[in-house]
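Let the hints inform the model, and build the full structure from the sequences given.
Sequences listed follow chains A and B, in order. Mapped onto this note's numbering, the consecutive letters of the first sequence carry residue numbers 2 to 401. Mapped onto this note's numbering, the consecutive letters of the second sequence carry residue numbers 2 to 401.
In case anyone wonders, no lab produced these hints; they're calculated from the structure. One thing to keep in mind: the hints can contain errors.
For chains that are exact copies, the list does not tell them apart, and a pair is met inside one copy or across any two.
[Unchecked claim] 20 Å max Cα-Cα, derived DMTMM-like pairs, lysine to aspartate or glutamate: (1) K397 <-> E332; (2) K156 <-> D42; (3) K150 <-> E199; (4) K80 <-> E262; (5) K397 <-> D357; (6) K297 <-> D272; (7) K80 <-> E111; (8) K397 <-> E335.
2 protein chains.
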Amino acid sequence: MLSVIPIAEALSLVLEKFSRGAASLETVSLEYASGKFLGADITAEEDLPAFNRSTVDGFAVRSADLLGCSDSIPAILEKTGESVMGKACVIPLTPGSCVYVPTGGAVPPEADAVVMLEYSEDFGGGQFAFYKSAASGANLILRGEDLRKGETILKSGKRLGAADIGTLAALGKTQVPVFKRPLVGIISTGDELVPPGESLRPGQIRDVNSEMLKAAVGQHNAIAISKGIVRDEYAALRNACSELILEVDVLLVSGGTSVGEKDNMPRIVADLGEILVHGLAVKPGKPTIIGEVNGKAVFGLPGNPVAAFFIFDYLVKPLLLAMQGAKVEREQVEARLTRAVSSNHGREEFILVRLDGNSAEPVPSKSGLISTVSRANAYFIIPRDQEGLPKGALVKVTRL
Amino acid sequence: MLSVIPIAEALSLVLEKFSRGAASLETVSLEYASGKFLGADITAEEDLPAFNRSTVDGFAVRSADLLGCSDSIPAILEKTGESVMGKACVIPLTPGSCVYVPTGGAVPPEADAVVMLEYSEDFGGGQFAFYKSAASGANLILRGEDLRKGETILKSGKRLGAADIGTLAALGKTQVPVFKRPLVGIISTGDELVPPGESLRPGQIRDVNSEMLKAAVGQHNAIAISKGIVRDEYAALRNACSELILEVDVLLVSGGTSVGEKDNMPRIVADLGEILVHGLAVKPGKPTIIGEVNGKAVFGLPGNPVAAFFIFDYLVKPLLLAMQGAKVEREQVEARLTRAVSSNHGREEFILVRLDGNSAEPVPSKSGLISTVSRANAYFIIPRDQEGLPKGALVKVTRL
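Right, here's the structure in full:
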């Protein structure tokens with residue numbers, strides 16, 4: 002019998018024990034930084050914009066010159082020049098004059114507003130009429146208004162999306178410090194397993210977990226090193242584990258984790274290092290092992306693919322994120338159940354749902370077939386002592 | 002002046018005009034299929050599992066043999082053998098007998114239930130005592146119970162996640178039909194622009210859109226071909242566009258899209274092909290061009306990075322998804338505003354928010370600085386005729 006612990010406790014232990022230390026940095030070109038985790042706070046090294054800019058096509062003015070103008074009494078200003086894109090604007094803006102500025106162009110230092118072209122009228126001879134006053138600051142971005150030199154813009158540990166890449170470009174950061182991608186070893190064990198490409202003999206099933214875990218590891222910016230299927234035999238499995246753990250930061254072995262005679266993983270983890278946890282109070286996923294070998298995390302995941310999927314999502318994914326400096330927060334939304342669900346196991350239970358807006362439709366999954374997860378897009382957890390939840394109950398849903 | 006149309010109308014036009022035709026398929030190995038879009042419905046070619054399997058370590062039994070047994074009057078069955086993982090179970094299960102089966106192992110065809118090991122007692126001499134009756138079907142997955150031959154499991158157009166990869170592995174699909182990745186050409190234009198790695202002279206700003214759009218294109222499984230900055234000059238920009246459109250499925254040019262003298266894009270799109278839309282009733286993003294050249298979509302995006310970002314998200318992203326067979330649905334959640342927001346433009350307005358659970362904190366973004374998008378994780382749209390929304394208002398939020 003396993004002596005099980007709650008999954009939240011297991012998660013705390015994993016993060017506390019393994020998320021430090023492994024974090025190391027490398028520098029990549031901006032064009033390869035998308036999807037990686039930022040390795041340092043990013044600070045503006047200059048004011049942005051570096052000059053006062055117009056946000057419209059129009060005339061840079063001194064707003065005082067337009068005070069009191071109206072449809073019947075326009076203000077007449079003399080155009081003394083045009084600002085050119087990409088150049089400083091050195092045309093002096095004396096009282097009574099205006100300077101044409103295209104969108105994004107520099108305005109003369111004396112200008113405190115820009116009037117849209119549409120609100121002016123060309124009277125000929127360089128004279129332009131204005132029929133509306135302009136508030137000081139209108140259609141203008143002042144130097145440093147976007148960012149002040151020294152301001153922190155992006156925090157270490159942020160996963161870089163398109164807008165972040167744009168922000169780095171805006172700051173001129175073409176070399177970006179990022180966390181190194183963790184290396185994750187993957188082994189499937191079980192004498193009933195055959196590679197997905199081979200035909201099945203009676204009693205055999207295909208190895209689902211190798212490909213699934215490779216994909217899951219890749220989604221979190223880690224690098225998978227998969228050894229495929231290893232026979233469920235002590236020496237072979239022990240050798241495979243002890244070799245692979247030298248190459249990787251985290252080792253995932255699925256199968257052979259229970260307490261049966263044929264379950265070698267508990268003994269192998271104990272012999273190579275230390276078992277920290279054997280058994281989780283959750284369904285599915287009870288026969289999970291968390292161990293430490295050479296100071297590295299070893300997860301013995303259930304052979305059942307749905308269980309392996311959940312335990313990866315709940316325990317391994319947060320570790321991979323933490324190793325890359327990310328804040329580990331489950332992004333949850335509240336949703337209402339469209340049907341009642343029952344649970345009665347004395348263990349927490351993962352329930353798959355199809356989340357649509359703010360309603361959550363439970364996806365039935367009696368068996369360990371991974372295609373039930375394909376039909377879902379989120380899950381929630383029924384607490385240990387809850388016998389079920391009625392239709393319409395609010396649940397905290399985690400997206401897959 | 003632009004004659005603007007609503008963004009929803011522009012989106013319909015884009016999808017209707019450009020999402021067909023370009024869709025072509027290729028076949029990739031399962032290990033490279035993650036993140037790609039499935040190119041055909043996937044159907045089970047056999048029953049799964051292919052044999053009756055146990056979900057626990059225990060004894061396969063005829064449930065009738067345990068009828069009426071109890072703590073005081075156990076049923077005694079004779080163990081006649083053990084099922085071996087990966088082999089068919091050919092041990093006959095005669096009445097009064099039981100067969101040991103490990104988790105996942107095949108059970109004898111006559112077995113209709115499995116009793117967990119913990120609920121049996123070894124009486125010696127091959128005799129095992131059972132103290133509880135078992136429901137027919139208990140701890141058993143019957144042949145075909147997961148999937149029936151001919152059942153459709155995954156639909157064409159689905160973006161393949163880890164569980165889908167696992168499902169394909171379970172079905173033995175090691176060669177996967179996927180949609181080809183669209184090729185997207187990217188050009189930035191504007192004489193004020195310099196590459197992010199160069200130092201700025203007065204009046205210059207860094208090209209944000211090239212790197213941002215490359216990252217955004219890559220996030221949606223398309224391939225970016227970026228030509229960097231092209232001078233905002235008719236001949237140079239026209240040549241760059243007409244060459245690049247030959248190589249790509251979609252062309253994105255940011256900058257030069259307004260109605261100023263220096264704005265070359267309207268004329269270039271009209272000269273090379275046809276302008277379908279010039280001007281969107283949205284803030285930011287008004288100076289957007291949608292055109293057709295050689296039957297391909299050309300987007301003239303605003304030079305303002307925040308506007309380019311929104312127009313990409315609202316118009317270009319759905320097109321890239323549609324070209325890869327995906328159902329184009331905005332995944333939205335309802336959230337409550339933590340502060341009032343005002344809007345008063347006669348145009349729809351994109352409002353950035355920081356979504357936390359079900360509350361949405363508006364992120365102020367006066368200017369075009371892309372770092373304001375970095376601070377947000379979602380946005381919503383204020384309708385055209387709405388002057389603003391009060392604190393606590395429910396809004397439909399789209400994640401970034």
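Within, between, both or neither: K156, D42 at alpha-carbon 20 Å: Within one copy, since 4 Å is at most 20 Å while 42 Å is not.
Within, between, both or neither: K397, E332 at alpha-carbon 20 Å: both (9 Å within a copy, 17 Å between copies)
As a check of your reading, is K397 near E335 (CA-CA no more than 20 Å) within one copy, between copies, both or neither? This pair counts as both: shortest intra-copy Cα distance 5 Å, inter-copy 14 Å.
Evaluate K150 and E199 at a C-alpha cut-off of 20 Å and name the case that applies: within, between, both or neither. between (61 Å within a copy, 18 Å between copies)
Go through the copies and call it for K80 and E111: within, between, both or neither, with a Cα cutoff of 20 Å. Within one copy, since 14 Å is at most 20 Å while 98 Å is not.
Treating 20 Å as the Cα threshold, decide for K397 and D357: within, between, both or neither. both (14 Å within a copy, 12 Å between copies)
My question is about K80 and E262: at a cut-off of 20 Å on alpha-carbon distance, are they close within one copy, between copies, both, or neither? So K80 and E262 pass the 20 Å test across copies only (17 Å; inside, 92 Å).
When Cα atoms must be at most 20 Å apart, do K297 and D272 count as within-copy, between-copy, both, or neither? The answer is within: 14 Å in one copy meets 20 Å, while 62 Å across copies does not.
Consistency note: the structure conflicts with none of the earlier hints.
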